[in-house]
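For the sequence shown, this note's numbering begins at 1 and goes up steadily by one.
Honestly, the hints are just simulated from the structure, not real lab data.
Every residue, glycine too, gets a C-beta built ideally from N, C-alpha and C.
A portion of the hints provided could be inaccurate.
[Said to hold, decoys possible] DEER-style ranges, computed between Cβ atoms: (1) W134 to I104: 18 to 26 Å; (2) E50 to I104: 24 to 32 Å; (3) G120 to D58: 26 to 34 Å; (4) I122 to V49: 14 to 22 Å.
[To be verified] Below are the DMTMM-like pairs computed for lysine to aspartate or glutamate, each with C-alpha atoms no more than 20 Å apart in a straight line: (5) K118 to E67; (6) K33 to E67; (7) K108 to D58; (8) K108 to D71; (9) K91 to E50; (10) K118 to D80; (11) K118 to E50; (12) K86 to D58; (13) K91 to D80; (14) K72 to D127; (15) K86 to E117; (16) K118 to E89.
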Amino acid sequence: MKKARLFVWFIAFGIGILSAQKNTSKLHLFETKFDINTVETVNGVIHTVETILTSDKDYCCIHLQLENNEDKVNIHVGPDWYLEEKRFELKRGDVLQVTGSRIIHERKELIIAMQIEKNGSILPLRDERGCPLWQECRKDSTPN
Numbered sequence: 001m002k003k004a005r006l007f008v009w010f011i012a013f014g015i016g017i018l019s020a021q022k023n024t025s026k027l028h029l030f031e032t033k034f035d036i037n038t039v040e041t042v043n044g045v046i047h048t049v050e051t052i053l054t055s056d057k058d059y060c061c062i063h064l065q066l067e068n069n070e071d072k073v074n075i076h077v078g079p080d081w082y083l084e085e086k087r088f089e090l091k092r093g094d095v096l097q098v099t100g101s102r103i104i105h106e107r108k109e110l111i112i113a114m115q116i117e118k119n120g121s122i123l124p125l126r127d128e129r130g131c132p133l134w135q136e137c138r139k140d141s142t143p144n
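With the hints as constraints, model all of the structure from the sequences given.
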């Protein structure tokens with residue numbers, strides 16, 4: 001009887017781990033999907049702020065849903081620690097101007113933010129190529 005309970009516990013634990021991985025997967029793919037040809041600027045009010053654990057569980061990413069007169073726009077911002085380091089807080093009801101690359105990810109449209117402006121303060125997130133300012137790729141592609 002003890003072995004049966006232990007087996008059921010291991011199965012449940014394994015399913016829980018797989019479920020957690022599914023919910024956190026593919027966040028790093030946003031970094032490779034940035035397309036400078038689809039950069040646009042949208043204005044709106046934050047409807048929701050989500051903090052999502054990355055697939056490698058290194059850090060959490062911030063995602064927003066921005067509402068404007070036309071629709072709701074999903075925004076991929078970047079790591080929570082980067083916003084904390086820059087002392088840039090995002091909360092429901094904030095009015096923003098977001099510039100970024102509109103892409104399709106898992107059959108849903110979203111914008112990978114390049115820059116966010118709030119109350120005259122600007123948070124730069126990516127360079128002109130779309131490379132995140134918090135990553136080493138900026139150093140790899142600088143001309144010598």
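These are the hints, each one checked on the structure:
In this structure the hint that W134 and I104 lie 18 to 26 Å apart at CB holds, the actual value being about 24 Å. A hinted range of 24 to 32 Å for the beta carbons of E50 and I104 is inconsistent with their spacing of about 19 Å. Under the hint 26 to 34 Å, the C-beta atoms of G120 and D58, about 32 Å apart, fit the expected range. Our hint of 14 to 22 Å for I122 and V49 holds, since their Cβ atoms are close to 19 Å apart.
For the hint linking K118 to E67, the alpha-carbon distance of about 15 Å falls within 20 Å, and the restraint holds. Distance restraint check for K33 and E67: the Cα-Cα separation of roughly 23 Å exceeds the 20 Å cut-off, and the hinted pair is therefore not satisfied. This hinted pair does not check out: K108 and D58 have alpha carbons roughly 25 Å apart, beyond 20 Å. Under the criterion of a C-alpha separation no larger than 20 Å, the hint pairing K108 with D71 is consistent with the structure, at around 14 Å.
Note on K91 and E50: the hinted pairing holds, with a Cα-Cα distance of about 10 Å set against a maximum of 20 Å. Note on K118 and D80: the hinted pairing holds, with a Cα-Cα distance of about 17 Å set against a maximum of 20 Å. Between K118 and E50, the direct Cα distance comes to roughly 18 Å. Compliance with the 20 Å bound is thereby established for this hinted pair. Annotation: proposed proximity of K86 to D58 holds, straight-line Cα distance about 19 Å (limit 20 Å).
For a cut-off of 20 Å, the pair hint linking K91 to D80 stands: about 13 Å separates their Cα positions. Pair hint K72 plus D127 does not hold up; C-alpha atoms about 25 Å apart against a cutoff of 20 Å. Restraint check: the Cα-Cα separation between K86 and E117 comes to about 13 Å, which is no more than 20 Å; the hinted pair holds. Only pairs whose Cα atoms come within 20 Å are accepted, and K118 paired with E89 is accepted, the gap being roughly 9 Å.
The structure is inconsistent with the numbered hints 2, 6, 7, 14, although it conforms to all the rest.
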